[in-house]
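Student: Please take these sequences and the hints and turn them into a complete structure.
Okay, so the sequence shown: first residue is 1 according to the numbering used here, each after it adds one.
These are computed hints drawn from the structure, not numbers from a lab.
The beta carbon of each residue, even a glycine, is placed where N, CA and C say it ideally should be.
Take the hints with a grain of salt, since some may be wrong.
[Claimed, not checked] Straight-line Cα separation of at most 20 Å, EDC-like style, residue types lysine to aspartate or glutamate; simulated pairs:
{"id": "1", "residue 1": "LYS272", "residue 2": "ASP480"}
{"id": "2", "residue 1": "LYS552", "residue 2": "GLU262"}
{"id": "3", "residue 1": "LYS389", "residue 2": "ASP323"}
{"id": "4", "residue 1": "LYS228", "residue 2": "GLU262"}
{"id": "5", "residue 1": "LYS150", "residue 2": "GLU160"}
{"id": "6", "residue 1": "LYS389", "residue 2": "GLU474"}
{"id": "7", "residue 1": "LYS396", "residue 2": "GLU406"}
{"id": "8", "residue 1": "LYS390", "residue 2": "ASP400"}
{"id": "9", "residue 1": "LYS340", "residue 2": "ASP416"}
{"id": "10", "residue 1": "LYS459", "residue 2": "ASP206"}
{"id": "11", "residue 1": "LYS390", "residue 2": "ASP480"}
{"id": "12", "residue 1": "LYS396", "residue 2": "ASP386"}
{"id": "13", "residue 1": "LYS390", "residue 2": "ASP411"}
{"id": "14", "residue 1": "LYS568", "residue 2": "ASP558"}
{"id": "15", "residue 1": "LYS390", "residue 2": "ASP323"}
{"id": "16", "residue 1": "LYS338", "residue 2": "GLU351"}
{"id": "17", "residue 1": "LYS150", "residue 2": "GLU99"}
{"id": "18", "residue 1": "LYS272", "residue 2": "ASP294"}
{"id": "19", "residue 1": "LYS459", "residue 2": "ASP232"}
{"id": "20", "residue 1": "LYS552", "residue 2": "ASP294"}
[To be verified] Restraint ranges, calculated between C-beta atoms of paired labels, are given here:
{"id": "21", "residue 1": "GLY523", "residue 2": "GLN229", "range": "56 to 62 Å"}
{"id": "22", "residue 1": "ALA98", "residue 2": "ILE11", "range": "51 to 57 Å"}
{"id": "23", "residue 1": "PRO295", "residue 2": "PRO355", "range": "49 to 55 Å"}
{"id": "24", "residue 1": "LEU91", "residue 2": "ALA12", "range": "31 to 37 Å"}
{"id": "25", "residue 1": "PRO90", "residue 2": "LEU29", "range": "37 to 43 Å"}
{"id": "26", "residue 1": "ASP87", "residue 2": "GLN229", "range": "34 to 40 Å"}
{"id": "27", "residue 1": "ALA258", "residue 2": "ALA119", "range": "52 to 58 Å"}
{"id": "28", "residue 1": "GLU417", "residue 2": "THR583", "range": "44 to 50 Å"}
{"id": "29", "residue 1": "ALA414", "residue 2": "PRO163", "range": "33 to 39 Å"}
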Amino acid sequence: MTSARSTRNRIAVSILVITAIVAVLVVRLVDIQVVQADSLNQQAYDTLSVPQSIYGPRGDIVDANGVVLATTVIRYTVTASPVDVADFTPLDPTTGAAEADVTPVQAAAEIAAITGQTADVVYGLLTADPSSSYALIIKDVTLDQYNAIKALQIPWLYYETDPQRVYPNGSVAGNLVGYMGTDSTGAVTGTGGLEAGQNQCLAGSDGEQTYEKGADGVAIPNTLVVDKQPVDGGTVETTIDSDLQYFSQQVLAQQVIATGAEWGSVVVEEVKTGKLLTVAQYPTADPNNLDATDPNYWGAIAFSDPFEPGSTFKSESAAALIDAGKATPASQVLTPYKYKSPGGAVITDSEVHDPEPWTLTGVIQQSSNVGISILSAMLTTQQRYDYMKKFHLGEKTEVDFPGESEGILGDPNAWDEQTLYNSSFGQGITTTAAQVASIYQTLGNGGVRMPVQLVSGCKQADGSTTEVPSTQGEQVISADAAQQTVNMMQSVVEGGYAASLLKIPGYNIAAKTGTAEVSNGEGAYGGGYLTSVAGLAPAEAPQYVVSVNLMKPVTIEDGSAAAPVFQKIMAQVLQKYRVLPSTTPAVDLPTTY
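Tutor: Structure representation (structure tokens):
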């Protein structure tokens with residue numbers, strides 16, 4: 001009896017123990033599968049998932065005709081996980097059936113056949129450290145090579161996207177497109193030229209994706225999830241004509257070398273729109289190989305390097321006089337070689353001559369510093385300054401190119417007597433080449449200055465265009481004053497000292513030569529000359545501006561150095577854009593009285 005009761009007690013205790021164990025297991029199971037399910041699933045996912053970036057491509061920079069000046073090509077880096085290197089079984093891509101096993105030795109040979117490496121080199125990289133989870137196999141793999149390697153179905157290979165910026169046209173517009181670098185965080189970004197100035201448009205936004213891997217480190221099929229879609233960068237559409245840019249660079253380079261100049265620049269601008277068709281220079285950089293060029297020429301000197309413009313500025317002074325009603329093309333001025341103002345300023349012409357009875361037209365044709373100074377004295381200091389500001393001198397152009405200079409006008413109240421007179425013939429103030437071209441655009445456009453354009457907009461990935469610049473013109477001087485000034489400039493091409501170098505058969509050309517003394521760097525002149533030509537064609541209805549500057553030429557030190565460049569490029573412009581020849585003779589204004 002006692003034995004039976006003892007047995008029942010043991011059974012009861014066992015049942016209670018088992019029940020308790022089961023209850024604990026059930027509670028634990030519920031806790032794992034229900035209460036902690038989300039947390040544990042996330043932990044498992046975090047352990048097995050592998051995050052990857054999806055590259056958002058940087059946008060292109062193109063010329064006015066869609067020719068690519070800067071673009072991004074995708075290259076790939078192939079890596080391996082040596083600890084996981086083993087035989088694998090590829091599947092037939094058509095039927096999905098298992099094919100013959102592939103050994104690491106065979107895989108190395110197949111990789112090498114695509115990359116151009118040797119099988120021994122690849123196998124050595126795979127086996128150098130069998131305990132490692134990372135080994136670099138090869139960098140800079142092309143898309144075709146990448147696809148070929150992917151087709152091998154090697155499970156322990158991995159791929160990293162390696163975007164690279166390239167410039168298909170090399171140095172053509174290289175001074176404008178700029179270059180890439182890294183910011184303070186180490187991120188790759190535009191650091192020069194349009195790459196920097198238009199970075200907000202160009203920059204893409206990377207996306208994110210994850211996949212799950214097995215215990216062997218191999219990606220599990222069909223587990224790829226895109227968490228964030230990438231966004232492509234926009235396309236910067238410039239106003240530049242890359243063919244004309246190339247031609248201009250070639251012509252300019254030849255003359256800079258021939259004359260021994262330090263550098264040269266050419267700006268071609270469309271009169272009616274203010275669009276820059278060419279902003280060329282020599283020396284200039286190839287963004288694919290910046291180290292081959294002096295860093296001083298990595299940017300666009302037409303925007304960044306101000307200079308005293310010299311006699312090309314006399315056109316602005318003449319236009320201001322006519323617009324203010326102080327002079328006409330026939331205004332008379334007996335012009336000596338040397339003149340001393342009432343306030344003590346001393347002005348001389350470039351060559352000794354007897355007093356000449358020149359008209360304002362003759363002053364422009366003969367490029368007389370004395371003549372333009374005497375006539376400009378009819379304007380007050382404030383009036384002269386105000387006209388300069390109307391032409392937007394002393395401020396950046398609307399392009400706002402990285403590193404762009406405003407030039408220097410100074411405070412007119414602080415101008416001394418010498419600066420007051422010198423400013424009328426482009427000394428004592430500084431401008432950029434882009435500003436000079438804008439002056440001539442205004443003169444050719446009936447006195448209406450158009451905003452200077454280098455970028456016509458940012459074309460977004462969805463096809464829309466943003467950041468479209470203003471096309472609102474500004475009446476700076478009267479249409480009559482502008483046309484009379486252009487008419488006077490025809491006399492330079494018809495009878496000035498560089499006339500034979502400026503003429504283009506069949507067209508009336510209006511131009512002004514310039515020779516400006518350059519500072520010696522110690523606050524005085526004597527550092528050589530900047531020679532220049534700026535002009536318009538056809539003179540009766542101007543369509544294009546060409547402005548040329550050569551810094552410190554050695555073999556020729558006046559406007560004759562820049563004139564051949566002007567003539568060749570303007571002739572090319574007129575031919576390229578099929579401008580009809582002039583049907584009326586050049587305006588013949590009296591140069592003497």
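Student: Now look at each hint and say whether the structure bears it out.
Tutor: We went through each hint and held it up to the structure:
no.: 1; hint: LYS272 with ASP480; result: holds, 17 Å
no.: 2; hint: LYS552 with GLU262; result: holds, 6 Å
no.: 3; hint: LYS389 with ASP323; result: holds, 15 Å
no.: 4; hint: LYS228 with GLU262; result: violated, 52 Å
no.: 5; hint: LYS150 with GLU160; result: holds, 12 Å
no.: 6; hint: LYS389 with GLU474; result: holds, 12 Å
no.: 7; hint: LYS396 with GLU406; result: holds, 5 Å
no.: 8; hint: LYS390 with ASP400; result: holds, 18 Å
no.: 9; hint: LYS340 with ASP416; result: holds, 14 Å
no.: 10; hint: LYS459 with ASP206; result: holds, 19 Å
no.: 11; hint: LYS390 with ASP480; result: holds, 17 Å
no.: 12; hint: LYS396 with ASP386; result: holds, 16 Å
no.: 13; hint: LYS390 with ASP411; result: holds, 15 Å
no.: 14; hint: LYS568 with ASP558; result: holds, 18 Å
no.: 15; hint: LYS390 with ASP323; result: holds, 12 Å
no.: 16; hint: LYS338 with GLU351; result: holds, 10 Å
no.: 17; hint: LYS150 with GLU99; result: holds, 16 Å
no.: 18; hint: LYS272 with ASP294; result: violated, 36 Å
no.: 19; hint: LYS459 with ASP232; result: holds, 11 Å
no.: 20; hint: LYS552 with ASP294; result: holds, 18 Å
no.: 21; hint: GLY523 with GLN229: 56 to 62 Å; result: holds, 60 Å
no.: 22; hint: ALA98 with ILE11: 51 to 57 Å; result: holds, 56 Å
no.: 23; hint: PRO295 with PRO355: 49 to 55 Å; result: holds, 50 Å
no.: 24; hint: LEU91 with ALA12: 31 to 37 Å; result: violated, 60 Å
no.: 25; hint: PRO90 with LEU29: 37 to 43 Å; result: holds, 41 Å
no.: 26; hint: ASP87 with GLN229: 34 to 40 Å; result: holds, 37 Å
no.: 27; hint: ALA258 with ALA119: 52 to 58 Å; result: holds, 56 Å
no.: 28; hint: GLU417 with THR583: 44 to 50 Å; result: holds, 48 Å
no.: 29; hint: ALA414 with PRO163: 33 to 39 Å; result: violated, 52 Å
Hint compliance for this structure: hints 4, 18, 24, 29 are not met, and every other hint is.
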